[in-house]
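K.L.:
Full structure from sequences and hints, please.
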Amino acid sequence: MKRLTLKTGVLSAGLLVAAALFSPQLHAAEATADAVNAYAIDNFFLFICAVLVLFMQAGFALVETGLNAAKNTVNILFKNLMDLSIGAILFYFIGYGLMYPGGAFEGGWFGFGGFGIGSASSEIGAGVLHPAVDFLFQVAFAATAATIVSGAVAGRMQFKSYLIYSAVLTAFIYPISGMWKWGGGWLNTLGFHDFAGSLVVHALGGFAGLAGAIVLGPRLGRFNADGKPNAMPGHNLALSTLGVFILLIGWYGFNPGSQLAVVGGDNTAAVMIIATNTTLAATAGAFVAMMFAWALFKKPDLTMGLNGMLAGLVAITANCDAVDYNEALIIGAVGGILVVSGIKLLDMLKIDDPVGAWPVHGLNGIWGGIAAGIFGGKPLMAQLIGSTAIPLWGFGTMLVLFGILKAIGILRVSREEEMKGLDISEHEEEAYYGFEIFTTQ
Amino acid sequence: MKRLTLKTGVLSAGLLVAAALFSPQLHAAEATADAVNAYAIDNFFLFICAVLVLFMQAGFALVETGLNAAKNTVNILFKNLMDLSIGAILFYFIGYGLMYPGGAFEGGWFGFGGFGIGSASSEIGAGVLHPAVDFLFQVAFAATAATIVSGAVAGRMQFKSYLIYSAVLTAFIYPISGMWKWGGGWLNTLGFHDFAGSLVVHALGGFAGLAGAIVLGPRLGRFNADGKPNAMPGHNLALSTLGVFILLIGWYGFNPGSQLAVVGGDNTAAVMIIATNTTLAATAGAFVAMMFAWALFKKPDLTMGLNGMLAGLVAITANCDAVDYNEALIIGAVGGILVVSGIKLLDMLKIDDPVGAWPVHGLNGIWGGIAAGIFGGKPLMAQLIGSTAIPLWGFGTMLVLFGILKAIGILRVSREEEMKGLDISEHEEEAYYGFEIFTTQ
Amino acid sequence: MKRLTLKTGVLSAGLLVAAALFSPQLHAAEATADAVNAYAIDNFFLFICAVLVLFMQAGFALVETGLNAAKNTVNILFKNLMDLSIGAILFYFIGYGLMYPGGAFEGGWFGFGGFGIGSASSEIGAGVLHPAVDFLFQVAFAATAATIVSGAVAGRMQFKSYLIYSAVLTAFIYPISGMWKWGGGWLNTLGFHDFAGSLVVHALGGFAGLAGAIVLGPRLGRFNADGKPNAMPGHNLALSTLGVFILLIGWYGFNPGSQLAVVGGDNTAAVMIIATNTTLAATAGAFVAMMFAWALFKKPDLTMGLNGMLAGLVAITANCDAVDYNEALIIGAVGGILVVSGIKLLDMLKIDDPVGAWPVHGLNGIWGGIAAGIFGGKPLMAQLIGSTAIPLWGFGTMLVLFGILKAIGILRVSREEEMKGLDISEHEEEAYYGFEIFTTQ
Amino acid sequence: MKYIIAMIQPHKLTDVKAALAEVGVRKMTVTNALGCGSQGGYTEVYRGVPSEINLLKKIKLEIGVNEEYTDKTVQAIIKGAKTGEIGDGKIFVFDLPECIRIRTEEKGNDAIG
Amino acid sequence: MKYIIAMIQPHKLTDVKAALAEVGVRKMTVTNALGCGSQGGYTEVYRGVPSEINLLKKIKLEIGVNEEYTDKTVQAIIKGAKTGEIGDGKIFVFDLPECIRIRTEEKGNDAIG
Amino acid sequence: MKYIIAMIQPHKLTDVKAALAEVGVRKMTVTNALGCGSQGGYTEVYRGVPSEINLLKKIKLEIGVNEEYTDKTVQAIIKGAKTGEIGDGKIFVFDLPECIRIRTEEKGNDAIG
Ligand SMILES: Nc1ncnc2c1ncn2[C@@H]1O[C@H](COP(=O)(O)OP(=O)(O)O)[C@@H](O)[C@H]1O
Ligand SMILES: Nc1ncnc2c1ncn2[C@@H]1O[C@H](COP(=O)(O)OP(=O)(O)O)[C@@H](O)[C@H]1O
Ligand SMILES: Nc1ncnc2c1ncn2[C@@H]1O[C@H](COP(=O)(O)OP(=O)(O)O)[C@@H](O)[C@H]1O
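Residue numbers (UniProt numbering), protein chains in the order written: chain Y, 1 to 441; chain B, 1 to 441; chain R, 1 to 441; chain X, 1 to 113; chain H, 1 to 113; chain A, 1 to 113.
Watch out, some of these pointers could steer you wrong.
What the hints assert, rightly or not - Not the full set, but computed from the structure, chain A residues with beta-carbon under 7 Å of chain R:
| no. | residue |
| --- | --- |
| 1 | His11 |
| 2 | Asn32 |
| 3 | Glu44 |
| 4 | Val45 |
Unchecked claim - Chain H residues, not near chain A, derived (Cβ > 12 Å throughout):
| no. | residue |
| --- | --- |
| 5 | Val23 |
| 6 | Ser38 |
| 7 | Tyr42 |
| 8 | Thr43 |
| 9 | Leu55 |
| 10 | Leu56 |
| 11 | Asp71 |
| 12 | Glu85 |
| 13 | Gly87 |
What the hints assert, rightly or not - As a list, the in silico DMTMM-like pairs of lysine to aspartate or glutamate whose alpha-carbon atoms are at most 25 Å apart:
| no. | chain 1 | residue 1 | chain 2 | residue 2 |
| --- | --- | --- | --- | --- |
| 14 | Y | Lys406 | Y | Glu418 |
| 15 | X | Lys107 | A | Asp95 |
| 16 | A | Lys12 | A | Asp71 |
| 17 | Y | Lys406 | Y | Glu417 |
| 18 | X | Lys107 | H | Asp71 |
| 19 | R | Lys228 | R | Glu416 |
| 20 | R | Lys299 | Y | Glu418 |
| 21 | X | Lys57 | A | Glu62 |
| 22 | B | Lys299 | R | Glu416 |
| 23 | A | Lys82 | H | Asp110 |
| 24 | X | Lys82 | Y | Glu416 |
| 25 | H | Lys12 | H | Glu85 |
| 26 | A | Lys79 | H | Glu105 |
| 27 | A | Lys27 | H | Glu98 |
| 28 | A | Lys79 | H | Glu98 |
| 29 | H | Lys107 | H | Glu62 |
| 30 | Y | Lys298 | B | Glu416 |
| 31 | X | Lys79 | A | Asp110 |
What the hints contain is simulated information worked out from the structure, not anything from laboratory work.
From the three backbone atoms N, C-alpha and C, an ideal C-beta is built for every residue, glycine too.
P.N.:
Right, here's the structure in full:
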């Protein structure tokens, strides 16, 4: 249940320079002691949830770093740092106003509510969110969407192209489709349900990543001439596992926080149920992915278990408010199967997605949307439309963007640079200076 | 002060298939605005504490990984991931109902309150916890108990046997003895005090680990033919240190959260005092363990300082609500001495516990229980009984389980597999692909 | 807005043995349900913020570890562990009473309010903090100040000297200058504004570190005979990046928590605005530092981006309550430029600060104080005085302390010990046992 | 018998191994090495301080062969490793008076393969 | 003088060192290596993709000895490393015309021990 | 031609490289190694258990040279590595019958430099 109310005190659209004038005003109207307490609780709640979601940046950075070669470590870490940094700045200036245009531009497809963050209303009470914390929570989501792509394009993309991509996604692509649902746009009008962003955040990122992986082509040596895939193992599964645990923790901000309020019996109950559903789906995803991969490949593969936990988390994100505990287990379990199958599918299609960004976020994002129809009682048709429109938007726009970057010749590094590793060739910096690393790999 | 009230809306025990019918209902009775706020605060408080405790899984994974050889990294990480995953699923189905049977089966030793999570009562107010968050908090504790063993049996146990152990512990062993105290069983009736689980969680895990270490026998090369111990140093003390810091952070959910409510002057004060006591005991444990080991071995040993901090945390867990600040320092300091002595003791007994799970959780769990008698003013006899009964239960049942696994020949890996490392032999996967590792070690 | 109220129930100064008598009392006066709720919220809020700040210890440990050579890893981790451990114990006994002397000793320069933590007042309500949580929050700040120095003196200082330094800083140096501002001392009287400690915490630590770096002299090989600097790259930038993300997360406790209350419309709004300002300054710092270093050195340097994020965070700390969003972006951006320039400046001065502790915390601490005058509307003269006095105090006292340690010959390790690395020579323990490490470096 | 030591570019190992297999040479020992040669090096800039890296990552291959294999082996290494660019590497050929297989204690020509 | 290079199983290093110490050989240089031989290899399956690992971890031992020690040294290595199973490793013996101790600038037989 | 293998103290590599450059030797291969010699070792105490570390970190240098460079090279290594203290290391000089530059397929004296 994302905020649909109009932005209060929306600033009229102006020039970027005008941004220098935006200063928040602090004036709280008289309110009862109860309302004051409730206002404090709800804003405090969303603040903590925003912090948890921001922590996910560390999780993504570690998962992706660990699942790639040591020679690309600096590059991946840097991309994640910049997803957040560029993302926060641009989402502040442009994205936030695009995603929550309020009544600024009528119409369900596109609108702009102005630069920066609106000033606070004088209202105080339960469920009233200060614009600053609303922004903080939203910007953390935007950075998440951006950073998903980082893993899919790892090991071969030029750093400056990545920065361009990241800026475009957080400033335009994500907020526009986000507005369709959470900004009160056409998908919302249609009755489409995406509680915390299986589609709006994850599938968008997952399909943007898929577009990137396709346009870039696979890493050198990932597929033989005859199409047989080669394993290119990650260099540090301890970091990846820590990353998944951090993501799990962050998801307790992502899903429960999307209730946007904890005060009020129903809100309190919803937050708690969402948290437990999230846990059950995550653990079912991890367990089932392990068992399924074990049956297929005859050995328990840690990376599949890790991807399975993330798959369960993505799958429950759209519907965690609408399903019961047992359904959460089923949704997570199916997520675990889907992610393993998705990884095999990409291998068959000769698409190189080093960390499984598409199977985790793309495929399971769609599954989460559909599951909200199957189990959550949401109108199935609306769910199907939403679960198609957003992935298509992400995939299509990014195909164009990556295509342009390719056409002007700045998308992919040279063969030699790729072999040397992006850390040396793009950053002239080693991540593990002093460690001896097998250089054939 | 764990929940002793009966589960509301307990479902009658049924078949597993029946589980598919459990759906939580959301109906909140009319309540005053104050009560609504208080309800939100207390549930929000426990939710955040549960998240902090869940974060401890990452802490355990890192501590254990870092203190073992690089060749067993994937195995250890995977065990921790599955402790949580299998644990959550089984605790949901079985363990939770066993631990909090309510009035289902009379008698202080064993009872079953039904599968799954009960539905919420219509009551709203301070101290009322939604079943979903209560479950979340409890399941995090169960996973903690399970994961303690992982370190003690590292480097030589078959993965599938570990999964069996983990399932049995979280589904049966932990909930049954947990019920004796927190479920309102005989230890509770006796007046035994274990505020947050020095015994119920830590000593149970620590002694289960000891049983595992004994039945498995030491790792190859850990003791010479003449009984002299050899050092088998950990491969990444940066990860272990990070793990300890994460555990410290997690403990702020573990201990303060066990107050189960923060609203009400006494509750608020108790939570804050518990948090400070936890801090003082942890830091005293780290400092004293360092100094004691420095005096004994003539050099400051980081791993002893790390174990010392954990020892202080375990020791304060049973009594953090009942002692004052200076007592907390003393309890932690004694913990620091005990952990160093315990590590030496195991060496003398030729028991191989690679991470010191027993000295940290077993020995200091008991110390925590006794300290509640000495400093916390709890009846000493009840403390002694509780501090004996639970360790014995954990040790005895696990001796049997590990004995059975050994008898059917699936407990330990072969000599060659152990030398190669469990990552290659059990998972066909390296944690640090590309890094050069000295293989003599 | 740090606490300026007098400590309630302050204990008269006594001998350390007397400390054994301090036990907190729990008696809550009758209060309205609203007040009880408000009391719970504010204390819960500060408790969570304290936990976040404590998490920063892990962040510092990782940043410093990663930016140094592998051979000094154990040493750095251990120093961080002990900063917290020794810090908490000594701040409990001495520092807290020095920093918040209440009316004990009149006069704005020095006072002592007694050992330990005062007992709680019977008051209950919004903004009333339990002494236990107030202590917890303050002790986390003290440990932060201490641990900043660890990075600046890395790789060449004797461990026992470091412990002496750490004890002196947390017991005396930090609390005394802290009292000038937050304890109601002369800087506070003057109207100096330092909201969350750009000066009180960061500049103090940064300048103490500078003193250490100067007295110790550079690491072997850091500067050639002709004064040309040599690069001594860090050994694990993945850990450093994780550390920066953890510090970012911790800062959401550091800055918003310094409001000390979230209940009350103005408090709620302030906390949220502070959180968003913190985010914007951090991200602007990271982005601008990257761009500026890219322009200067012709390549995007991750470590500069990381330092830039920290620089933005330090710079916004003093003024996050007093500036608007756009000003926060500017303050962070300037921080990003300052940190890169500061690193070059130290190279020119042949001062070896391995992690950039002074550019990040010292230089940007001062910038934060001045920015509170420029943008925050605080009296510029008071800001200049405060931004000079505290750095001078930290630098001066530490110059003396490090000078004494040098004079008695226990400051620096021998040439050979430094070459072997502190892990072997000071701790006889390797951090990465089994990994092959290029030893020429 | 001869003992051949070859320094090659890391990313050429796969090709060299394939070329060796073609001529029937399947036994070898591989180590990581750093090489200094006419290839120059590259500059890293760490925190604003440039530093010259002139030790480049190389693979060192060691192969003991019977006389009649010497030439084939050298040719195979060249085939797999040669690109014509600086840094391709070098082959050193030594006399090997004795060789023992530990498992069987066989000696000389019987032991080598 | 002779220069002995031996590739052995990593976990046999302790035994080989003990056996060498018995015959009075205490000076040596040890490196990590990857070996390819009749031992085959093993398969890793990473994310569903099987890959053949045929470079196995080995230890490379280098020992310079005086002529009269040559045989003792070879025998000691065999004693410590032999299990009779594939993968035990190999010993290569070279002529060593010259040896210099850097510390003293001694040469030849005096320098080697 | 000669092939020189030298084990030196890790922190002396820079000095040795500088000394070699002075006499015009710029091509070499460097590896990490562990050495066992008269230098003894040191004790680590891990969790109360002392363990003797007698394999110390060393750098192994390999240089192929033409005959006339042999002496200069040896002297340069000594100059750069010698401190007069135990552990300075050792130099081994081998005959090198053949050397091939992979890039050009040149052989012998032309290939080595
Ligand atoms: N004389 C030598 N002694 C030892 N190693 C050498 C020698 N010459 C070349 N090498 C090794 O071969 C590698 C490639 O040599 P380089 O001179 O760069 O290539 P090329 O011979 O094709 O010009 C070097 O990095 C080094 O490891
Ligand atoms: N001809 C050779 N040249 C170089 N190294 C060899 C040669 N033969 C064997 N080795 C080394 O010895 C190791 C053991 O050889 P392998 O053939 O597996 O054992 P065995 O000789 O007992 O059958 C190999 O892994 C490789 O490192
Ligand atoms: N006979 C040998 N065979 C192989 N390596 C040797 C031999 N003697 C010395 N070394 C190498 O040289 C290093 C230095 O030798 P050491 O005896 O410590 O110094 P010194 O000769 O100055 O007394 C050793 O660590 C080892 O790597």
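K.L.:
A separate judgement is required for each hint: does it hold in the structure or not?
P.N.:
We went through each hint and held it up to the structure:
1. His11: Interface hint status for His11 (chain A): holds (5 Å vs cutoff 7 Å).
2. Asn32: 6 Å, holds
3. Glu44: Holds. Min distance 5 Å.
4. Val45: With a minimum Cβ separation of about 5 Å from chain R (threshold 7 Å), the hint on Val45 (chain A) holds.
5. Val23: 14 Å, holds
6. Ser38: 26 Å, holds
7. Tyr42: At roughly 26 Å from the nearest Cβ of chain A, Tyr42 (chain H) sits farther out than 12 Å, so the non-interface label holds.
8. Thr43: 29 Å, holds
9. Leu55: Consistent with the label, Leu55 (chain H) stays out of reach of chain A, its closest Cβ about 17 Å off (over 12 Å).
10. Leu56: 19 Å, holds
11. Asp71: 20 Å, holds
12. Glu85: 25 Å, holds
13. Gly87: Label holds. Min Cβ-Cβ 22 Å, cutoff 12 Å.
14. Y:Lys406 <-> Y:Glu418: Distance of about 16 Å is within 25 Å: holds.
15. X:Lys107 <-> A:Asp95: Holds, because 23 Å separates the two Cα atoms, which is no more than 25 Å.
16. A:Lys12 <-> A:Asp71: Holds: Lys12 (chain A) and Asp71 (chain A) sit about 20 Å apart, inside 25 Å.
17. Y:Lys406 <-> Y:Glu417: Answer holds: Lys406 (chain Y) to Glu417 (chain Y) is near 16 Å, not above 25 Å.
18. X:Lys107 <-> H:Asp71: Answer holds: Lys107 (chain X) to Asp71 (chain H) is near 13 Å, not above 25 Å.
19. R:Lys228 <-> R:Glu416: 23 Å, holds
20. R:Lys299 <-> Y:Glu418: 17 Å, holds
21. X:Lys57 <-> A:Glu62: Cα-Cα ~15 Å, so holds.
22. B:Lys299 <-> R:Glu416: 18 Å, holds
23. A:Lys82 <-> H:Asp110: 17 Å, holds
24. X:Lys82 <-> Y:Glu416: 15 Å, holds
25. H:Lys12 <-> H:Glu85: Status holds; Cα separation ~13 Å.
26. A:Lys79 <-> H:Glu105: It holds: about 10 Å lies between the C-alpha atoms, which stays within 25 Å.
27. A:Lys27 <-> H:Glu98: Given that 25 Å is the threshold and the Cα spacing comes to 21 Å, the pair holds.
28. A:Lys79 <-> H:Glu98: 18 Å, holds
29. H:Lys107 <-> H:Glu62: At roughly 19 Å apart (the allowed maximum being 25 Å), Glu62 (chain H) and Lys107 (chain H) satisfy the hint.
30. Y:Lys298 <-> B:Glu416: 20 Å, holds
31. X:Lys79 <-> A:Asp110: Roughly 20 Å between the alpha carbons, so the hint for Lys79 (chain X) and Asp110 (chain A) holds.
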